[in-house]
Amino acid sequence: MIETPLNAKIKGEAFTELPLDLYIPPDALEVYLESFEGPLDLLLYLIRKHNLDILDIPMAELTRQYMQYVEKMHAIKLELAGDYLLMSAMMIEIKSRMLLPKPAEIESELDPRAELVRRLMEYEAIKLAAQQLDEMPKVGEDISVASAYYEQISLVKPPEVSLEDLAAAWRNVLKRASHYEHHKVGKAELSVREHMSIILRRLKTDKMLEFSELFDVVKDGIPKLVVCFLAILELAREGLLRITQQAAFSPIYVQSNS
Amino acid sequence: MSEANNLQELKNIIEAALLTSHQPLSLEDLTRLFPERIERPSLRMLLDELKLDWAERTLELVQVASGYRFQARQQFTPFLARLNPEKQGKYSRALLETLAIIAYKQPVTRGDIEEIRGVAINPNLIRQLQERDWIDIVGQRDVPGRPSLYATTQHFLDDLNLLSLIELPEMQDFSALDNSSLDFNLQG
Amino acid sequence: MSEANNLQELKNIIEAALLTSHQPLSLEDLTRLFPERIERPSLRMLLDELKLDWAERTLELVQVASGYRFQARQQFTPFLARLNPEKQGKYSRALLETLAIIAYKQPVTRGDIEEIRGVAINPNLIRQLQERDWIDIVGQRDVPGRPSLYATTQHFLDDLNLLSLIELPEMQDFSALDNSSLDFNLQG
Numbered sequence: 001m002i003e004t005p006l007n008a009k010i011k012g013e014a015f016t017e018l019p020l021d022l023y024i025p026p027d028a029l030e031v032y033l034e035s036f037e038g039p040l041d042l043l044l045y046l047i048r049k050h051n052l053d054i055l056d057i058p059m060a061e062l063t064r065q066y067m068q069y070v071e072k073m074h075a076i077k078l079e080l081a082g083d084y085l086l087m088s089a090m091m092i093e094i095k096s097r098m099l100l101p102k103p104a105e106i107e108s109e110l111d112p113r114a115e116l117v118r119r120l121m122e123y124e125a126i127k128l129a130a131q132q133l134d135e136m137p138k139v140g141e142d143i144s145v146a147s148a149y150y151e152q153i154s155l156v157k158p159p160e161v162s163l164e165d166l167a168a169a170w171r172n173v174l175k176r177a178s179h180y181e182h183h184k185v186g187k188a189e190l191s192v193r194e195h196m197s198i199i200l201r202r203l204k205t206d207k208m209l210e211f212s213e214l215f216d217v218v219k220d221g222i223p224k225l226v227v228c229f230l231a232i233l234e235l236a237r238e239g240l241l242r243i244t245q246q247a248a249f250s251p252i253y254v255q256s257n258s
Numbered sequence: 259m260s261e262a263n264n265l266q267e268l269k270n271i272i273e274a275a276l277l278t279s280h281q282p283l284s285l286e287d288l289t290r291l292f293p294e295r296i297e298r299p300s301l302r303m304l305l306d307e308l309k310l311d312w313a314e315r316t317l318e319l320v321q322v323a324s325g326y327r328f329q330a331r332q333q334f335t336p337f338l339a340r341l342n343p344e345k346q347g348k349y350s351r352a353l354l355e356t357l358a359i360i361a362y363k364q365p366v367t368r369g370d371i372e373e374i375r376g377v378a379i380n381p382n383l384i385r386q387l388q389e390r391d392w393i394d395i396v397g398q399r400d401v402p403g404r405p406s407l408y409a410t411t412q413h414f415l416d417d418l419n420l421l422s423l424i425e426l427p428e429m430q431d432f433s434a435l436d437n438s439s440l441d442f443n444l445q446g
Numbered sequence: 447m448s449e450a451n452n453l454q455e456l457k458n459i460i461e462a463a464l465l466t467s468h469q470p471l472s473l474e475d476l477t478r479l480f481p482e483r484i485e486r487p488s489l490r491m492l493l494d495e496l497k498l499d500w501a502e503r504t505l506e507l508v509q510v511a512s513g514y515r516f517q518a519r520q521q522f523t524p525f526l527a528r529l530n531p532e533k534q535g536k537y538s539r540a541l542l543e544t545l546a547i548i549a550y551k552q553p554v555t556r557g558d559i560e561e562i563r564g565v566a567i568n569p570n571l572i573r574q575l576q577e578r579d580w581i582d583i584v585g586q587r588d589v590p591g592r593p594s595l596y597a598t599t600q601h602f603l604d605d606l607n608l609l610s611l612i613e614l615p616e617m618q619d620f621s622a623l624d625n626s627s628l629d630f631n632l633q634g
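Residue numbers (our numbering), protein chains in the order written: chain U, 1 to 258; chain A, 259 to 446; chain H, 447 to 634.
FYI, nobody ran anything at the bench for these hints, they're computed from the structure.
Wrong hints could be hidden among the right ones.
List time: in silico DSS-like cross-link candidates among lysine-lysine, alpha-carbon distance up to 27 angstroms [unchecked claim]:
no.: 1; chain 1: U; residue 1: K138; chain 2: A; residue 2: K309
no.: 2; chain 1: A; residue 1: K363; chain 2: U; residue 2: K138
no.: 3; chain 1: A; residue 1: K269; chain 2: H; residue 2: K457
no.: 4; chain 1: H; residue 1: K497; chain 2: A; residue 2: K309
Produce the entire structure from the sequences given, and follow the hints as far as they go.
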């Protein structure tokens, strides 16, 4: 028995059971319909749910059921892939071919449903195979491979990376993640980020530092002091360090949250 | 150095190499370890011994598609899993089904995959599988547009702990039923 | 289970973890292996025993800044080096993008990188960058699992001939510049 696995949460509650009949809680509808991988998946679900014989599909019944779901998808404006509509057309065509009286001489012609049945079975086999692949232990998940350390003395130099390579790689990342506006990085942010790493490194050796120790007032110019201060604020905001003070006017301490 | 000592030394070098390599080592890789020539039967014998040496220990020496590797015995998996909390999420059904089609029907084009699944495929899926080094392009089909043919890699087999594709779980290929039997049932 | 058996079991779990870890494991990491609480003195004792167990073997258990790791004994280094006659290849796109994200968005966790790239990241990539000494761990984020925070190193700047990260190519549309509050000269 194949079921459509659902990994859905609705209003924080896990929603794992498929509804038993066509009534679907309104909130669940979208998640539910989205959980089908395509028209074949939906058809297989309907066939299994209504206990239909896949080798002798009642086309009228299945088409009616299928159209109901497709209309629901349409109604909630789920982006309805053309694939679903194409399938409707194909099913209606099969149904009508079955209604036509067959002249005796083409009696031996293939059942109009044969191609659909073949595709459903092929898809079902793949669906099962996919589940099996999912369950197999994999390196990095359930299999841990030996990887002890060794000192590398490489005879050949490792690949070089130029500034252009790096910039191109970053542009690629941005292009794909264009919805992450905040990933664009300007010089101001870069200098803050650099100082964040510098401060974290210092706090790795000295677990706790007095706030003022993080600033070299004599050597650093004002801009650098500002950047350092911004870096501390950003680190605190991201929860990477803690700033503490016992009492008013007593020394302020900075320590790593690590 | 006596011959026994020498063999023990060779075995140690192989062990050190396998314990520090993060990918499987083939017999060919292993021969590269030594400046002098070493015959494959000797290597195989040493590997067998190594396997025995470790029979009762925490790792086991296994052979996968691209060679030999040490891996932690299954019983440690639940403990080791606690070390890496940043687990990668589950794979989507779309990705798994695409992978299954490539694994069982290879070589296939994107069109073949879409035909079997009945839906258009997100190009990101293919890219994700390629980045994971589980599939790659093995050629082009000689039809208009010359679409790429995808197949699974050795690395895919390694990651699934397999020596060859034959070891994949058998697919319940209903569609392989020949048409005559199908025909018979369909008349009903 | 007798106590002796139980201790042996704990030691085996630690051994399996250390042999399969891509990076040194701290005492804190090691405590995470076990569902039940384990005291640090007990851990230290087990690590000492493990060290002794391996005293005559191919690897040695050593303690480095960020924790414990198994490493191949020096005598094997020249042999292992023969395994990787790396052609001066090119780094993969995945590696370069990972490096770029660490450079521009540091400090970041592996999870951050995966989120930005939208695909799972191969742990080997991180390891490769660490072995090249271009990135290192500067802390842990204070969330469950305490994932490591990666940043670029001084060595990375040296290799790219940079004095500071600020010299990285700027990646912001000038038209989009609107944080005039930070406009004064930060390049100092």
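Now for the hints, and whether the structure bears them out:
1. As the CA atoms of U/K138 and A/K309 are separated by approximately 21 angstroms, the hinted pair is consistent with the 27 angstroms bound.
2. Distance check on the hinted pair: A/K363 and U/K138 sit about 21 angstroms apart at the alpha-carbon level, within 27 angstroms; holds.
3. Annotation: proposed proximity of A/K269 to H/K457 holds, straight-line Cα distance about 25 angstroms (limit 27 angstroms).
4. About 22 angstroms separates the Cα atoms of H/K497 and A/K309, which keeps this hinted pair within 27 angstroms; it holds.
The structure shown violates none of the earlier numbered hints.
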